[in-house]
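Let's have the full structure, built from the sequences with the hints guiding it.
Protein chains in written order, with the working numbering: chain F, 263 to 521; chain S, 105 to 364; chain L, 771 to 1064.
It is possible that part of the hints are untrue.
What the hints assert, rightly or not - Simulated coverage check for chain L against chain F, where a stretch passes if three residues somewhere in it have a Cβ under 8 Å from a Cβ of chain F: (1) 896 to 907; (2) 925 to 939.
Said to hold, decoys possible - Listed below are several chain S residues computed to face chain F (Cβ distance under 7 Å; list not exhaustive): (3) 126; (4) 223; (5) 224; (6) 227; (7) 229; (8) 320.
Read the hints as simulated data drawn from the structure, not as lab findings. C-beta: ideal position from N, C-alpha, C; glycine also.
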Amino acid sequence: MSRQVRHAAQALWLPVVFFGWWWWTSAGSTSIYFPPLAKIVAVTWADLAGGPLPGFIAFSLGNLAAGLALAIVVGISLGMVLGWYPLALRLLDPVLQFFRAMPKVALVPLFIGALGIGALPKIYSIALGCVWPILLNTIDGVRGVEPGQLEMARAYRIPLGLRLRRVILPAAAPQIVAGVRVALAIGVVVMVVSEIYGAQQGVGYYVLNASRAFDVAQTWGGTLLIGLIGYVLSTSFVIAERWFLRWHYLRARVLGLNA
Amino acid sequence: MHVLRSRAGIRIGQLAVALSILALWELCARRGWVDASLLPPPSQIAQHVAALPMETEFWKAVGSTLAAALTGLVIAVLVGVPMGIAIGASTAVYRSTRLLVDMGRSFPVVALMPVLVLLMGTTPKMLVVVATLATVWPILLQSSYGARSVEPLVSDTARAFQIPARYRFTHVMLPAAAPYIATGIRIAATFALLVTIGVELLSATPGLGREIAQAQEGANFPLVMAYVFYSGLLGLVLSALLVRAERRLLAWHPSSRVAE
Amino acid sequence: MNAGQNERSADLEVLKPAPRNDESVSEPVGPHALVVQRLGKTYGEGAGAKEVLRGIDLRVDPGQLVCIVGPSGAGKTTLLRCLAGLQTSSTGTISIGGRLITEPPAEIGLVFQDYGRSLLPWMRAIDNVAFPLQGKGVPAGERPRMAQVAMQSVGLGDAAHRYPWQLSGGMQQRVAIARAIAYQAEILLMDEPFASVDAQTRFDLEDLLLGLRRKLGISVVVVTHDIDEAVYLSDSVTVLSGTPASVVETIDVVLDAPREQIATKADPRFAEYRSRIMRRIRRPELAAVSKERP
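Below, the structure is given as structure tokens:
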């Protein structure tokens, strides 16, 4: 068996066994609360193929993307300013710490209460939840830029704009991307919360609706679908990160060997 | 500018900044430049902030939330640490469980709320389940990182001396993984609080989250913000306590002997 | 790899520092001399103040190679940083062509000791070399060409598209040198540039430096703790010693040119210069009476 196949087998056997076991043991289930996995899949598939789910998924993911994009723009800009001017950072520190500790989900009712159950309050809620890890990581990233690199830029009289774009930002990129990764996970949570709290569309709404109608299979199905979405987003992000920061990972490997 | 360099100067500066932000906020809310249902004036919020600790309802809610979050955290530690270490200790186990762990950790536990409400109702037990499910992942992951960080030399030595597996666990792996586990617990604690409040909010289970939702329904926006304030405060306090405990318990570990 | 093999002298003309017709300058047309007068540097104030440099006089004429030597911690790096405009001096003046230096001047190219920390790991070698050109406003079409010529002149013509961390220490330092060359600096300032590479590579880099100086007509100031290197490279050696550091002696090095690793070092005068410098470093009070140079 080639190494690749062996590794794939190692990675896949347990999940396959797990889902297989679930499928098999629940096959003839008559319990209200634990319907057969086969039925869950069937119901969800039906809603995907001909039902409202694709639209809902698009709504949810669209809001997530918009909120995350907003958080990235605000977080990186503000983070670069605060990272560059330590005095400003220290003065704002208590305020930042407080907002960081605040459970942002608690603000969802306020947003929805004030702005309604459309897309916009959800986007703002998501953005508010996502901005903190991005902001804090950007600050750390900017402050962690190698002094030697900054000095070189000074010695060669590189103008500030160019310095920001091609020295500071790339240097901080690994930290910033790590922040975005955390923000993505938070964004998914806020997205679901906002849709369960007040919505007329979206995957969270789909699950809530199903539970209110006591359609247990549909509720399970929606829940698993959300889990699947979370997993796909998370994995895709890691893959994208590996490509985007390939210089960083390649370098770490080389230096790891030589160090 | 030199004034600002001193320690006291910075504190004053921070206070000044915080107060000016509050003042600006007050102004905007009063003048109606900002929607008062989104950002009520700090003065009104302050009234509630002062009044809440006098009410037993408030402390009951805090107690419920804290109890559920902490219980969930404790269970997550009891389950997550041994599992995490087992996963980290063996490459074969790590590889086998990787996919499932990834799926589990990227699962937004809040999405389980409707199912759990169907199964268990809006009870504290349901909250504990949610909190456990949410917090077990960071703890498990951090424990596995900790186990993987054990110097091969140390574990080889232990095995060479034929130290039985359970002693290897408690005396070699656990201490080595301790700082990682501590970090995991810290992350998990704030997360537990967040998830607990989130689920209370959505399902009207007793706790701080439900108070927020009810205040919102009653259109008492300053009260909502006051509760949000206390939620944040709770998170800060919990975090600070954990950091203190970590420092005390892990004083023996080289990584905590960092010059401050 | 012999630096000479990949050189194309005709192309190198592109990188010769262009004579600047600068009205703010007393000597109208470059290249200009670097003149340091009574330079002093003190850190801190009051009781805790630390005087690091005192009364430094130094002159580097166009096309000259000057080495600054002294014991570790003597303040050589501080001096170089002041020359580079990265630090302000407490007393005294630094001028290039009569113009006082208060911030990093355009005429200077700096080669740091720690090349690993000054080369940007997210850019390929050739982009690193071209980066200061971008900062200078050189049009995008010309930058790759100039960068490529610079890399060829240091013998790295084939390594242009590698990342710095894929290159050895010696090669990385060459990239740093190429970067300063591409920048068309009139004066190269180098801070212990060859300290972190192995001996054989060091000899290659020393010869590379001498070759570049000859072909481009630039001035070079090298800070080094290696006395052999100082004697081998220099037209003049400035010896720094004591606390606070001051110029103990300035020694003109008269040896056959072009220098050659074996022949020059076998010359008896080489050993004389070396011992003279060592003595000055160890017993600064035995310095020659006249410290000033005309």
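Hints, one by one, checked against the model:
{"no.": "1", "hint": "896 to 907", "result": "holds (count 5)"}
{"no.": "2", "hint": "925 to 939", "result": "holds (count 3)"}
{"no.": "3", "hint": "126", "result": "10 Å, violated"}
{"no.": "4", "hint": "223", "result": "5 Å, holds"}
{"no.": "5", "hint": "224", "result": "9 Å, violated"}
{"no.": "6", "hint": "227", "result": "15 Å, violated"}
{"no.": "7", "hint": "229", "result": "15 Å, violated"}
{"no.": "8", "hint": "320", "result": "4 Å, holds"}
Hint check: violations occur at hints 3, 5, 6 and 7; the rest are consistent with the structure.
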